[in-house]
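Visitor: The task is simple: from the sequences and hints, build the whole structure.
Protein chains: 4
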Amino acid sequence: MNDIQERIAASFNSQGLMTTLGARLLSVADGEVQIEMPFSTQLSQQHGYVHAGAITSIVDSACGYAALTKAPPDCEIVSAEFKINFARPAIGERFLAIGKVQTSGKLLTVCTGEVRALSGTAWKVIALMQATMVNVRA
Amino acid sequence: MNDIQERIAASFNSQGLMTTLGARLLSVADGEVQIEMPFSTQLSQQHGYVHAGAITSIVDSACGYAALTKAPPDCEIVSAEFKINFARPAIGERFLAIGKVQTSGKLLTVCTGEVRALSGTAWKVIALMQATMVNVRA
Amino acid sequence: MNDIQERIAASFNSQGLMTTLGARLLSVADGEVQIEMPFSTQLSQQHGYVHAGAITSIVDSACGYAALTKAPPDCEIVSAEFKINFARPAIGERFLAIGKVQTSGKLLTVCTGEVRALSGTAWKVIALMQATMVNVRA
Amino acid sequence: MNDIQERIAASFNSQGLMTTLGARLLSVADGEVQIEMPFSTQLSQQHGYVHAGAITSIVDSACGYAALTKAPPDCEIVSAEFKINFARPAIGERFLAIGKVQTSGKLLTVCTGEVRALSGTAWKVIALMQATMVNVRA
Numbered sequence: 012m013n014d015i016q017e018r019i020a021a022s023f024n025s026q027g028l029m030t031t032l033g034a035r036l037l038s039v040a041d042g043e044v045q046i047e048m049p050f051s052t053q054l055s056q057q058h059g060y061v062h063a064g065a066i067t068s069i070v071d072s073a074c075g076y077a078a079l080t081k082a083p084p085d086c087e088i089v090s091a092e093f094k095i096n097f098a099r100p101a102i103g104e105r106f107l108a109i110g111k112v113q114t115s116g117k118l119l120t121v122c123t124g125e126v127r128a129l130s131g132t133a134w135k136v137i138a139l140m141q142a143t144m145v146n147v148r149a
Numbered sequence: 012m013n014d015i016q017e018r019i020a021a022s023f024n025s026q027g028l029m030t031t032l033g034a035r036l037l038s039v040a041d042g043e044v045q046i047e048m049p050f051s052t053q054l055s056q057q058h059g060y061v062h063a064g065a066i067t068s069i070v071d072s073a074c075g076y077a078a079l080t081k082a083p084p085d086c087e088i089v090s091a092e093f094k095i096n097f098a099r100p101a102i103g104e105r106f107l108a109i110g111k112v113q114t115s116g117k118l119l120t121v122c123t124g125e126v127r128a129l130s131g132t133a134w135k136v137i138a139l140m141q142a143t144m145v146n147v148r149a
Numbered sequence: 012m013n014d015i016q017e018r019i020a021a022s023f024n025s026q027g028l029m030t031t032l033g034a035r036l037l038s039v040a041d042g043e044v045q046i047e048m049p050f051s052t053q054l055s056q057q058h059g060y061v062h063a064g065a066i067t068s069i070v071d072s073a074c075g076y077a078a079l080t081k082a083p084p085d086c087e088i089v090s091a092e093f094k095i096n097f098a099r100p101a102i103g104e105r106f107l108a109i110g111k112v113q114t115s116g117k118l119l120t121v122c123t124g125e126v127r128a129l130s131g132t133a134w135k136v137i138a139l140m141q142a143t144m145v146n147v148r149a
Numbered sequence: 012m013n014d015i016q017e018r019i020a021a022s023f024n025s026q027g028l029m030t031t032l033g034a035r036l037l038s039v040a041d042g043e044v045q046i047e048m049p050f051s052t053q054l055s056q057q058h059g060y061v062h063a064g065a066i067t068s069i070v071d072s073a074c075g076y077a078a079l080t081k082a083p084p085d086c087e088i089v090s091a092e093f094k095i096n097f098a099r100p101a102i103g104e105r106f107l108a109i110g111k112v113q114t115s116g117k118l119l120t121v122c123t124g125e126v127r128a129l130s131g132t133a134w135k136v137i138a139l140m141q142a143t144m145v146n147v148r149a
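Chains as they are written, first to last, in this note's numbering: chain A, 12 to 149; chain B, 12 to 149; chain C, 12 to 149; chain D, 12 to 149.
Incorrect hints may appear among the rest.
Same chains, same label: a pair holds when it works inside one copy or across any pair of copies.
In silico DSBU-like pairs for lysine-lysine, Cα to Cα no more than 35 Å straight-line [as the list claims (entries may be wrong)]:
id, residue 1, residue 2
1, K81, K111
2, K117, K81
3, K111, K135
No lab work stands behind these hints, which were simulated from the structure alone.
Guide: Below is the structure:
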């Protein structure tokens, strides 16, 4: 796991969008990756909540890196597609995206993701993702 | 249409994320909205292409505003969910997101969206979205 | 729960498609419904496995009825949309669909579903669904 | 096209589920396949309309065969995943599913599908699909 943690940290740091969003790689475990992002008005939609696109970005990255922990060593991961439900408005001081591998094949990995929002001391699930990741020879 | 164009322009300008991404509202027509975004390294994923999350953000906004053109005047639009396929890597100098209303009911609007990338003089479709938008009393 | 179990059983029995597919309502709990379906060549796709459409049908019904256990008493449930991944070929003697409520609002309920296939003594997850159900006044 | 039309017709006829649903292969063109299905109470959900699962089954098959028209000759098609919106209740005397290829790569094909219902002399779109098909060496 050490190798893959370093590889994922390096890859995460090279994602310009993660820096732009203020996101931070929180943890890398076998089949599960967590990314967090503090609230910022620079991420807002028209009501001042966080835009669905910013929420989607961190959970897409979390799912992609979760898939990478299960991929052959010479492979990269690309998002083929995903679907995301927004169950509650993205209101909170910080947001935690958790990506998990559900099944992984030679070629395709199916991940689920969720995003939780922290308001005061309460975490609430605000979004649920189901994603298909593809292994690509690096 | 004039009213709704002004209302959408004002709403777009209050979306902090759209400014952060460098996105611009290009056109508002009945049932169709276009948003464009130039390439920037601040939007990149680890290979230097534009991150799926940035692509998703502009086409989600385009679909949401397209839905707003068909909504009752006292309604706002919220993304209930969407699904997006990434058909090609997001390589290009600029990106055009087009959101279109397919069917609209009292409560739910189904939109489709696509994102095209401009490389040199060629536009290519790089992503396809299918989204469910909800009318919410303002 | 007694009332809702009877109501779901009656509704299930009136779904012609469930009879056609040979499906059976297995259990109804608060926020979770299980449906099973034995293998039959009448459900096959071209390789003799069960068709994705039959697998989808039972997990859609399981998710819809799971949503109904959380709905106001005067409401029916309609599938607004769903997304399903087919992680493995649908090979087995019987198939178990489990629908679960993840979040439920006044109007929309987000469910996840899975389908497991039994081959010999081993159950394997073959499909994963994420669905949006709508409450409709009956 | 002649070869692929015969191959698709033979494959369709070996899908037990299509016979069970009363579905018929209507047309095969390059990148587009149409399947129709008459109404039957054996396909119903609890209100007597056609069950979302039956509607999904025919448009999944239409998308899969559309993808096959664009696949290398030694490949089969498998549904990796799809998403479907149900825009209107499935009421009608007959249903037409149209599957179309949007983009096709070496490995993955993205299709869109729609289902129209005929009531009297009016066709209405009742469902929209976006699907990912995989090429598998036969």
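Visitor: Indicate, hint by hint, whether the structure satisfies it.
Guide: Here is what the structure says about each hint:
| no. | hint | result |
| --- | --- | --- |
| 1 | K81 <-> K111 | both (10 Å within a copy, 27 Å between copies) |
| 2 | K117 <-> K81 | both (10 Å within a copy, 23 Å between copies) |
| 3 | K111 <-> K135 | both (18 Å within a copy, 18 Å between copies) |
Violated hints: none; the structure is consistent with every hint.
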